[in-house]
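S.K.: As you go down the protein sequences, you meet chains R and G in turn. Residues in the first sequence are numbered from 1 upward in steps of one, following the working numbering. Residues in the second sequence are numbered from 1 upward in steps of one, following the working numbering.
These are computed hints drawn from the structure, not numbers from a lab. One thing to keep in mind: the hints can contain errors.
[Claimed, not checked] Distance windows between CB atoms, simulated:
(1) Pro74/G to Ala29/R: 38 to 46 angstroms
(2) Leu186/G to Ala29/R: 45 to 53 angstroms
(3) Asp232/G to Trp4/R: 15 to 23 angstroms
(4) Thr88/G to Leu33/R: 35 to 43 angstroms
(5) Met43/R to Leu14/G: 46 to 54 angstroms
(6) Gly187/G to Leu33/R: 34 to 42 angstroms
(7) Met43/R to Pro74/G: 35 to 43 angstroms
(8) Arg16/R to Asp112/G: 18 to 26 angstroms
(9) Ser8/R to Pro74/G: 20 to 28 angstroms
(10) Met43/R to Cys12/G: 56 to 64 angstroms
(11) Asp112/G to Ser8/R: 16 to 24 angstroms
[Said to hold, decoys possible] Selected chain R positions facing chain G (Cβ under 8 angstroms, derived; list incomplete):
(12) Leu9
(13) Arg13
(14) Asn146
[Unchecked claim] Not close to chain R: a few residues of chain G, all C-beta gaps over 12 angstroms, as computed:
(15) Glu5
(16) Glu33
(17) Thr46
(18) Arg57
(19) Ala66
(20) Gly108
(21) Phe122
(22) Asn128
(23) Ser136
(24) Gly141
(25) Thr165
(26) Ser166
(27) Val172
(28) Thr179
(29) Lys212
(30) Ser242
Glycine included, every Cβ here is placed at the ideal spot set by N, Cα and C.
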Amino acid sequence: MLNWRNVSLIFHREVRDQLRDRRTLFMIAVLPLLLYPALGLGMMRLSLGFREQPQTVAILGAENLPDEPALLEDNRFAERWFRKSSDRSSQAAASAAGKLIVISDLPGSADRAAALDPALNARQLLERAQAIGKILENGEIQKKDNQRAGELFGSSGLKTVVIVPAGFAEELSRVRDQLAKHHEGTGVSAEYPRPAIRKSPSPSIRRRMTWHCPNRSPPASGANCFRRS
Amino acid sequence: MIHVEQLSKSFCDLRRGAVTALDQVSFDVQPGEIFGLLGPNGAGKTTCLRILSTVLRPTGGFASIAGYDVATHPAEVRGCIGFMSGNTGIYDRMTARELVEYYGRLYGMPEDRLQARLDELFTTLQMNDFRDVLGSKMSTGMKQKVSIARTIIHDPPVMIFDEPTSGLDVLVARALLKTIASLKDLGKCIIFSTHIMREVEKLCDRVAIIHKGRILAEGSVAELERRYKQPDMEELFFDLISKHEHDPAVPAC
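Next up, chain R with everything else stripped away, as it sits in the complex (with noise of 0.2 angstroms):
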């Protein structure tokens, strides 16, 4: 006959039963105590890692970019080219700058370079940028040296592979000009968009780069600029 005393004996028969049961005690009370946190803190170590692992850009012909506006300061990128508009503290801007260690072919910045993060082999990386740029230095790259350029980068640990032409400087000013020249009396600014550096969302997306290679014969107002989409 069901009433609330049945109720109640039935309910209590099964809490004991449930409390016997060791599987069931490990899988509602122990498993979640150990598997929960330890998820919890190995998502966050994972995002920590990601967010705060420094990425390495190497750039070959840096003698040739132009002083002014520069675009490095010692080993990081100037923190100019990364404040927006809408965001006035240089903080941030100095956060994302110092997120990317750049590895120049200037005299002392491999050193420097290892010094601003003793994990880094940064002469071993500006050596494999070094053998990549080898092969793309030719104006007319071939499927075949794309190809392997491409594999070269992928397992260089690089971030990026910016190779600046030479004369890179005197072909900017002489652009600037022209453009000044051009808007002259518009009321139009001569300010005109500037490559952005971007970073790969995650390392598995290596697997997947592509190459962009927009110039094949040597540029008349930018760098080749390599880098994983």
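Using the hints provided, position chain G relative to the given structure of chain R.
M.R.: Positioned in the frame of chain R, the structure of chain G alone reads:
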């Protein structure tokens, strides 16, 4: 004590159409008597016992236990019966004592009477050795004893055993039959369903042979053997079943 009159149960089956599981079955069982329901698989034994234990409702006829109609007073009927079948399970994570006590409480027994009855039953059925053993650790024989104790904890006047020895070895089955016989001596009214002839011969005061929902013969073992001129229950059973198979129009008793 048990009165069954023209009891029928039909149901619709998608494959077989209308099926009559029980066809106008009638019998009476008195206190201190073991009444055997003997029939092959699918004869309707379990259907009949399920109607008597109020699990199923009859589609025709009438049945009463201790004066209560099984269709209209199921709660009272359940309080009067103890039902045990061969596949009655026991809880793995309850000890023998806890399980029997639990059922006693479900039957609404007063606590002092329940404790006295527990002591009595555990002594009678020789269960004190494993009173604190969990169900998962018990042997088949132990489980069977616990099952019996659970069935009779509330001291019901009527007991229904539905093939209680199926799947048991000879020793356990023999001990179980002994226990049922001792319950008869206590004046209990017992229905015992089986398809094993030897058990019927040993245990039952009266037998009804049931086939395809109909009772083909009813009486004591000796009386039936004499009436149908057969040397034993097995021959009698086969004779009746084969006659009914060849000519289903043969009137049932």
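S.K.: Need the list of violated hint numbers for this structure, in ascending order.
M.R.: Hints 3, 6, 7, 14, 20 and 23 are the ones this structure does not satisfy, whereas the remaining hints hold.
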